[in-house]
Amino acid sequence: MLQKVLLFILPLCEIQILITDKAPSEAVFRGNEFLSYDLSQTGGEPIVSAQDSVTFYFKTRAPNGLLFYTGDGTDYLNVAIKEGCLILTMGLSNGKQEMQIKPNKVRFDDNQWHKVSIHRRIQEISAITSFCRLSAVVDGVYADHSHIAGKFTMLSSSRVYVGGSINTRALPGARVHSNFVGCMRKVEFVADTLRLNLLELGKSGSHLISVAGRLEYKCPSGETRDPITFTTRESHLILPAWNAKKSGNISFKFRTNEANGLILFNGGIRPPRVDLFAIEVYNGHIYVHVDLGSGSWKQRGSRRRIDDGGWHDVIFRRTGRDARITVDGFHTDFKTPEGSTSLELDGNLYVGGLGPPFSEIPVPPALWTAVLGQGFVGCLKDLMMNSNYVDVAAFAREQDSGSIRTLCHVQPLQCPSQPCLNGGACSEGWNRFICDCTDTTFTGPTCGKESATLNFNGSQHMEVIMDSETETQTEDVILRFRTSKPLGLLFITSTSETGDRIELAVAAGRIRMALRMGVKERKDEDKEKDKILLAGQNVNDNEWHTVRFSRRGINLKLQLDHQSPIRAETLGKHNALQWRTIHLGGLYHQEEEITMTTTVPNFIGEIQQFYFNNIPYIELARSSSTDQRVSGFPTIKVAAKFIKRATDNLHRPVTFRSKHTFIGLPMLRAYSSIHIDFMFKTREANGLIVFNGGRKEDFVAVELVDGHINYIVNVGDGSVKLTDTVPTRLNDNRWHTVGIRRPSLKQHTLMVDDNIVIAVNQGTGNLELDGILYLGGVHKDLYAQLPQEDVKSRHGFEGCIAGLDLNGESPNIMEDAVVHSSLVTAGCEGQSTKCSHNVCANGGVCVQQWHSYTCDCDMTSFTGPTCSDESVAYEFGPNRGIITYTFPEDRRPEMQDDIIALGFITSKADTVIMRIISGTSNDYIELEVVEGNVFMVYNLGTHDHPIGEISLKVNDNTYHVVRFKRSGSNATLQVDDYNVQTNHPTGHQLQVFNSQSQIQIGGKWSKGKSRIERPFSGIVAGVVVNGMRILDLAAEKDIHTSIRGDVQLMTGILDRQDIENNDLQKMQQVRLQ
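Numbering-wise, the sequence shown is residues -15 to -1, 1 to 1058 according to mature numbering (1 follows the signal peptide of the UniProt record, and there is no 0).
One thing to keep in mind: the hints can contain errors.
[Unchecked claim] 25 Å max Cα-Cα, derived SDA-like pairs, lysine to any residue:
#1 K992 with G1003
#2 K706 with N792
#3 K283 with R309
#4 K542 with N242
[Stated by the list, open to error] Listed next, with one range per pair, are the computed distances between beta-carbon atoms:
#5 T178 with T713: 50 to 60 Å
#6 E774 with S991: 53 to 63 Å
#7 H969 with T713: 42 to 52 Å
#8 E528 with A379: 46 to 56 Å
#9 T967 with A35: 22 to 32 Å
#10 E774 with Q403: 38 to 48 Å
Since the hints were made in silico from the structure, they are not lab data.
Just so you know, even glycine gets a beta-carbon here, dropped at the ideal spot from N, CA and C.
Kindly generate the complete structure, drawing on both the sequences and the hints.
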């Protein structure tokens, strides 16, 4: 798969690698070892080629080191790792280039294998100028390219260094001073047809290769003791059970700055006896939980807080009932309750948490972080069970490699960048920010989306029924409401077995909390007195208020808005609450209200931001269905009405201006649960919106097909496909909302606007993704590699996307991209009489006027009110022809800037389309096709400056549009709607094209030979040079134009039979960046 990905990034430079059964060569470098050859010292000639490539794999923990160097004299290519990123420097002739591959939040010194592919290719542009393209790709994803123009014809290599050199800092282009420390594998240097496997040559003792130091040709395997980082609350590992029936020990090191998180959990799964072992961080301290079947015991192990970001050691030992917990050398001894002396743990050992909510794992009431769904976020290493090392990094690589990273780096503080929007409160987590949106009308990871809001009229309700009876010692309740009524039931829990409850209500304009526990029979409930807390005044002012209630054992806290919290303790010996049903806004049956003896009427008003034990039930209700019952998942019934969300408050909208581009984001972290939300609007009926491939056959995709959303996922048990049931097509240029969930291992849901579709998966596998998440499409060469039977798209999405939420993360598409595109822009304007990006066809520029707009079509090759009409076109036949425009001698322009656009069709791989020359100097601009690629070469009196688009062949007899802009010596070039290429020559450069005298279309006129050189054949249309429509002038027989040779005026270019329908569509859909 990696080769396929490389093909789409570097189609020109791809080199086929023979695959054999032989294990790839590898070597260990420790800072003193390296491989090299130096042909100048052995009397050999340099290796010369028109193109070369370097491919290798490496892994390291060292942030700096030389990986590869090749050169001859002052020409060189230097590749190194610097501060965890890949840096390349290149020198050819007098030109130098440097580029870094430094993806956002990604480092390459993580001790994981990374593949590097570097390609160089020379293309001769003119007799005195060549163009060398340097491209590099890491892991088939992170790519960059650069180029040098100058007087050179070949690449030359007389010496090579692998892994280091005698004096690394003295090498040309050096950006690091140290040699590489780590492993390298399969280092191949290819120059034209010559292929050198450098490690294999060194290992075999080839006379070509010199080996410095004692190089070991085998990378160490086995226990690498890499740390791992849990990046989300749901990320976790599943290990075999801890075998500690009579005795045992377990130890690990961890670091975090988060005060709460479940680190280890191992329970029994054979009732009635369910033994337990768990270690959690709660309120900044370590707690251990042990239950040998005769009663649970909870013991604090830390003397001082351990959520300080530093490494801490934890050791737990037990023999029978005797146990010791040691944290940073501080010992605490304790005994479990009398009775059993054996620990029967027949379930799996969970590391880092228990995963998504509503799992089938029985959670003990006393394990508060598990009840609250608070998995551990931080680093863990050196896990030992019964004195045996456990390679947690290997488990991470096999299980949830997206959410669990095999490294531990400390990143800068997150909150100074103000990631929380709309008044959300930011707090620092471990290498992450945490936004509290509950005081706002917004939700999502960055408080960027409007909250789902329910309206209650006094006879409506929302009800959540759990799969079974639940008992807890801790609860967190948050809700936001507004009402004008002084009385109303906000929230209450119930159970059919006891009289236990928590009740929140508006009572006499105040917030009243009533808690009742330990009522074993419902008929006795009135005999027990509720614990009552009151907060606030005049809350029925029809303004939004936020209520927070929390219980930890006997400790209670009630807070309204930002007022001081009310604290209290419960009375009596009971600290466990039994419940099964949550009622919001009222009770379901009138008779149930009588039975439960609540005196508060149902609520009238609006409720949003309702969380119970950190689960957002209103948001969950909006994105799920009540039609199908899912084992383990609560039944949610909603009689209240959802308030329709506004679409004028868009969260981070972006515009994909072309269906031939895409954005690459970090891999979707959806191992055990899937949560994808976004909004879109478009006029296009088809296009790929989201794709993330995976291991084996796993993938996830979202696409528009015939105006409807298709969601396809494969978790290893065959693909599941859901299509929306919206009655009308969605390509109506209006905003639509999409919500995708995997509420249980066997169920998938797709919600588009208010329509929900549900599908059942045959198996219960996890989604094992790999690579990056493609947004808006994939590279054109990758469409053929997509699952053909499932994914129908053959191009990307064109339109606007907003409100992107990917499994609890809300990426900034423009800033968090690991693969960028110049054809994706921030913002999205609606359609109106105001300008928007799609009111002018074919990339026309909309010019706003008072009550309307006009279209500037100069850069489109089209004309008309909306740039949709054909421009004047000429056909150049096989017998050579040329059109010239000659400036009057007294009006030859001196141009600081140039703007040029035209359209053309040709099958010639080498030709000149247009040339502008000077009457007083050697200045010129030339548009040409070289080896099927478009190049614009300009010279302002110093050097030739080529700028080209080599990812697209244009000699395909289809219509292409070229746009060129020059400002001084800097220039941009765009072909069709592909990415804009830029050129910024370094050093002192002249800025003005002196005395433009003639524009030549159809080839290069040689005055000395009186003939057309490199003649063009095909069609040229809509030529605009600095505002002048040259072909229009020629058709009007302007006195400054002349037509010679095999050239004829054309009409109805779009009706030509040799232009296929898809070409016509392409002409009509060209978009300007």
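Do the hints match the structure? See the list:
| no. | hint | in the structure |
| --- | --- | --- |
| 1 | K992 with G1003 | holds (23 Å) |
| 2 | K706 with N792 | holds (20 Å) |
| 3 | K283 with R309 | holds (12 Å) |
| 4 | K542 with N242 | holds (24 Å) |
| 5 | T178 with T713: 50 to 60 Å | holds (58 Å) |
| 6 | E774 with S991: 53 to 63 Å | holds (56 Å) |
| 7 | H969 with T713: 42 to 52 Å | holds (48 Å) |
| 8 | E528 with A379: 46 to 56 Å | holds (55 Å) |
| 9 | T967 with A35: 22 to 32 Å | holds (25 Å) |
| 10 | E774 with Q403: 38 to 48 Å | holds (46 Å) |
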